[in-house]
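As you go down the protein sequences, you meet chains P, L and Y in turn.
Note that the first sequence covers residues 1 to 565 in the working numbering.
Note that the second sequence covers residues 1 to 211 in the working numbering.
Note that the third sequence covers residues 1 to 702 in the working numbering.
No lab work stands behind these hints: they were computed from the structure.
You may find that some hints are simply not true.
From the derived model, a few chain L residues whose C-beta atoms are all more than 10 Å from chain P [said to hold, decoys possible]: (1) 92; (2) 94; (3) 120; (4) 170.
Non-contacting residues of chain L with respect to chain P, defined by C-beta distances greater than 10 Å in every case (computed) [unchecked claim]: (5) 17; (6) 30; (7) 35; (8) 44; (9) 45; (10) 70; (11) 73; (12) 84; (13) 90; (14) 99; (15) 131; (16) 132; (17) 161; (18) 207.
DSS-like cross-link-like pairs, simulated, lysine-lysine; straight-line CA separation at most 27 Å [stated by the list, open to error]: (19) P:344 - P:200; (20) L:179 - L:86; (21) P:49 - Y:286; (22) L:125 - P:515; (23) P:173 - P:7; (24) P:344 - L:125; (25) Y:286 - Y:202; (26) P:7 - Y:202; (27) Y:374 - L:28; (28) Y:374 - Y:506.
Quick caveat: nothing in here was measured; it's all calculated off a predicted structure.
C-beta atoms are modelled at their ideal positions from N, C-alpha and C, and glycine is treated no differently.
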Amino acid sequence: MDSISLKPLEAFLESFEDKSRTSLLPALLKAQELFRYIPEEAAMLISEKLKVPPVHIYGVIDFYSLLHTEPVEQHHIQVCVSPVCSSRGSHKIVEALKGVEGDRRVSVEAVHCLGLCTNPPSALVNNRPVCRINADKIDELIEGKGAPPVNSSRSSHPVLTGRFASDKGKSLKSYRESGGFSGLEKALSMERGDVIDLVKNSGLLGRGGAAFPTGLKEESSARDGNSEVFIICNADESEPGTFKDRILIQKDPFSILEGMIITAYAVGSRKGYIYIRGEYASEQDRFSRVIKEAEEKNLLGEGIMGSDLNFHVEIRSGAGAYICGEETALFESIEGNRGFPRNKPPYPVNSGLFGKPTDINNVETFSYISHILSSEGTDSADLPSASGTRLFCLSGDIKRPGLYELPFGTPLSEVIYQWGGGILNEGGLGSIILGGASGSFVPPDLYDIPLDNQSLKKAGLSMGSGVIMVFDDSRPFLSILNDITSFFNHESCGKCYPCRMGTRLNHEIISRIRKEGARNGDLEKLQDIGMTMKDASLCGLGQTAATAVLSAISLEPDLFKAEVS
Amino acid sequence: MKEISLYIDGRMVKCPEGSTILEAARLKGIEIPTICFHESLTPPGLCRQCVVEVEGARVLLPSCITIVREGMVVTTDSPRVLRARKTILEMLSATADLSEAPELEQQIKAFGADPQRFRPEEEIKTGPIVDNPFYVRDYGKCILCGKCVQVCSEEVQLSYALTVAGRGFDSRISTFYGKPLPDTSCVFCGNCIEVCPTGALKPRKEFENDI
Amino acid sequence: MTYDRKTSTTCPFCGVGCQIDLNIRNGAIISAAATPGKAPNYGRLCVKGRFGTDYTHHQSRLTKPLIRKELDRGKRTTCGMEGFREATWDEALDLAAQRISRTVQESGGSAFGTFCCAKATNEDNYLFQKFVRAVLKTNNIDHCARLCHAASVAGLQKALGSAAMSNSIAEMKDLDLFIVTGSNTTETHPVISTYLKEAVVKNKARLIVIDPRKIEMADFALLHLQHKPGTDVAVYQAMAHVIVKNKLYDKDFIDRRTEGFEDYMTSLEAFTPQWAEEISGVPAGKIEEAAKLYAGAERAAFYWGMGISQSVHGTDNTLSIANLALMCGHLGKPGTGVNPLRGQNNVQGCSDSGGLPNIYPGYQSVSDEESAVKFEKAWKTSLNREPGLTTLEMSDAIGEGIISDFIIMGENPLMSEPDLNKARKHLSELKNMIVIDIFLNETGEYADVILPAAAFSEKEGTFTNSDRRVQLVRKALDPPGEARADWEIICELAGRVGDKLDRDYKESFSYDSASQIWDEMASLVPAFGGISHKRIEEEEGIHWPCPDSSHSGTPYLFSDTFPRGRGKFHRLDHTDLSERPDGDFPYILSTGRVLYHWHGGTMTRRSVLNDISPAPFAEIHPDDALRENLADNSRVIVSSRRGSIELDIRISDRSPEGVLFIPIHFAEAAVNELTRDIRDASAKIPDYKICAVKIERASSAD
């Protein structure tokens, strides 16, 4: 190995205020950026400065996809192979790139969803998004040339997306002109308990997937202000088919920050984190400018808006691990560990980040909180459902893929046909996945189902993070399933047995059935594995990783049975 | 200390407040199988073999870390529980050599698991690593219970020679950058051997005697 | 199953006293494991205990008595196996008895020097000292405790009246604040170190390390005071100064439990942290911080090893620690105390059993008439009231023509004594030398008769660990060949010496079992009164003092009173190094141990442990290496005014600049060729940790 200079890394490590384990992931990401991998010497230096045992550093490096123990090439290309991009030929692009790996200083990696699902297939070239890529235009791709992402969005009742069209979310100035921070101002004039009540009464349910009542979480994590409480905005958006958080960060970031500050006031927190997935480099840049601007205008820091509220927000980057979207795994990640989810209880509201009470919410949830406060919840009174609107990520074989803000209860078919314009190229509707890779195939008799939590729950479905992936009738069921099982095989953290082994065996069986057809016993195997994962896995990832397979079995059981000779 | 009453498999059990379901069950002689559990280590709750069905809970709960509540109704042998246990054992059999894991072999028998069921057509054999004078690491037998890492880290030795590396199915026990043990912080206390349930870690003399 | 059966016993290496299961297959130990759930190690072991007991099966074990081929040819010389011939037990014992009785008749008991053994059982040692005192009529008996914790013993005896570790191993996990000084704990007491590290990492205890080397424990420390070797007293006196100046002492404790504080307090004026900084190199601020932390802690304990005691100032070092503990009241409660970590598996027990020149078993003075009469009555013989000579005094006495015979059980002075040239010269002048051992080691090579003994795994008995816990040693295997348990050998020898002297010792040296020997000792030692093998078996070890069968043992000492009544403060002065580095010998040599070896290496160099640590080395600071133009692993000669050794260097910043560190285990580069035989005035312990040396490139390296 060529000798490397550790000087820049050393300087970076010196810059940390907190020279402890919590700074591990930022340090490793920096080393990866500096050296294109993490050399042993760099790991040893980090170990010494942050007082983390070397072997733990190795364990962390080896856990996260964005950290490498061997150098990546000059052109490091991450191609999305999740169902939507895969159905548009991304596997072929991976093959083509692999073919030139040696001579073109290219390293290629198949990754699962980059949040660019409206422009498939997509890739990151040295962390920059490139969309609508093509196996015939490899040269351009290697150079990072290609279409930039287009973020289209529409809404019947714009609340969250209210500033999108006018681009009022662009700067702090325009944000405030459009009513921004009036919610915080109002919150600061209220009793903390009243703020929590307002959020509780709004009926807001978490938008990350679990749909837990946000106000209740605030109430349980609230402390008297003398003990530590953390606020975390979960922007580790990685569920295949989800891109709403990315667009919200780009289009209306201050609303997210405002929601965090309001919550900080409500629960008595002095420190917040926003954990943004590592693949969202430009969103991280965007948000760090937002924080800086807010700090300059006394909207963050000490004595916010002249009140006695002190609150700081730090950005943390993910490093390529879907599991870190799971709240406790995210805590582990901020603490400088492998992203292993924790057993619950204890729940985050009692013992979360650093063992302290923590109120963690999705990007969309925080943004929504700012709107609840600024509008006193009155604006949503004219909405068909009391809990307001939500963001739907529509992608796949659809004429107008994009982000749609629609009232709860909007029928699924309306989203697809009226808003999405129906199936691309006048094809027939093949299948719909609701809720992302951890969601289900929707049975055809439920295509008109109203998209609200109660109706979906009754039908055994969940809208999760608001993902609607649509496939035309040329897309084989098993191909989609293969991409999904491959995703979970790649993203299971490996901590608990059902998920570690179940995700692999699921993928092996599905991929074999896809190639060779089913054998006797396959259906039962998939059911046993799936039910065991669902019933016995440690965290939400494992508990839902087999949902798609199980739903496919109930829709098309014959696909998984050996043909009768 | 306050006493809690709960029902396990229809039997009323009284136990001290703060007990786990596993502890409560053992008080009554109700056997719940475990794999990653070890009396003197913090239960990591990762093997999920000790899951039980608790009335009102959406999923099965690991009895080794679930604290009893007054009036809790627990079933340790429902069809859901049995399916999970049997499947976990079948999956383990497909991914590790359990021939020197007598406790697991016993469980396989007890739950009627078919060790061949998920076994891949081509088995990938990893050879034992013999890189030091004292003990051998045969990760073909490793079930990733993580006890060796626990004792090497905070739980006993604080030598920090081992970690779980990789992710998902490709997780494995490793040293710093996969180096041979003598080049690491390993002090060869062998306390990891003591807790290894499958013979993946073994004194070299025993290993040489066995072959 | 990989083994046929297992035997639970006590580890033969360090003073922790781990409980181990020896797994036996085909008549040999195939592996070892911690006895599940048993104190003091609760399932933990270190590399030596787990893998190192294979020395007992080494091909060079002595299996038959040996007699020197050329006896009484003037000055004895060293010889290997070829210098000896095998003999029957009868012949060897008779010869030994005849030579011993000849000296008894010609010169009396004062012509004998004897070493008992901190590796042997309490029963072996009790019987050996009984043999020395009752048969030879001398108190010239000592053992390697003299060379390790003698200064701790002397200091603690003066300050408190008892020298044992005051608190138990079990308390370590729950420490609040503790100071580790002069102990490379992770390598010398590995299992104890896990509890100490655990206290820091899991229970957030605060650790202060005071040690010249950057040892592993320092990685876990809140503060590391890296003082220059030999300046311990300066650092501790300055800490006392800070505590007094800031009135951080425990007035109530001082009033109730101590004496001499006023006098001590007034002596501290000059010992400012700034003064100590100049001497020790430790920044005054750090000394102050350490003092405040120690005094301010709710519970605070000291743990130390050879770094404190193996010094010409060893007693003062110990007293300076005792002063601090007394003034802050950090004694007599759980999680407090003054704790010398004992080295050998049974160094505590060997002293307890009377293996010292001034005391009978149970620390009963040989010059105390009442004690002497008690033992005379029990042993049915007359006893010598004159305290005997210490280890090195015995060696000196050979040179002075006073001692002509050595009887050595299990010890290896020709590795462990300082200034080996001198030690060899002395041994070569002996008229008679009898050795009982399991191997032919450097010392054995000078012997006339060597009697092959059983290893720890081949006999019954007890070891007493560092925290005074008496534990069972159980027989797992028969000794190889004709080797016998030490106590059986001593019984035979006593009987035969008696025959030659026309006295009958057969009755008082006749036992059926080790347990019977213990019972005799327990009947004579009040602190052991309630301990029997049966009770140890049932209760899995008992901490003495345990005066009667209803007493449950004493895990921590001094809760109500000190053995000497009130704890006593001692005025102290800093004195300079015994041998300062100079232009000719510019480096300070410090000696110590490594994880993989045991002391003189007799056992571990004959074990798989030697595979991972096969060669001697000198640890040198990078700046020193640069100055000497030496690359890592260069071959060098290190010399002192007394001798020189050849070995490789290992460049490391663990030792401070100007200090070479060389481990003591390697006969081919025995560091005691270099050390100096200068001793602490009260403890008679030599200054192993400091002498002046130089380093040169070895010619063979060019």
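Hint numbers not upheld by this structure, sorted from lowest to highest | 1, 2, 3, 4, 7, 8, 9, 12, 13, 17, 20, 23, 24, 26 and 27
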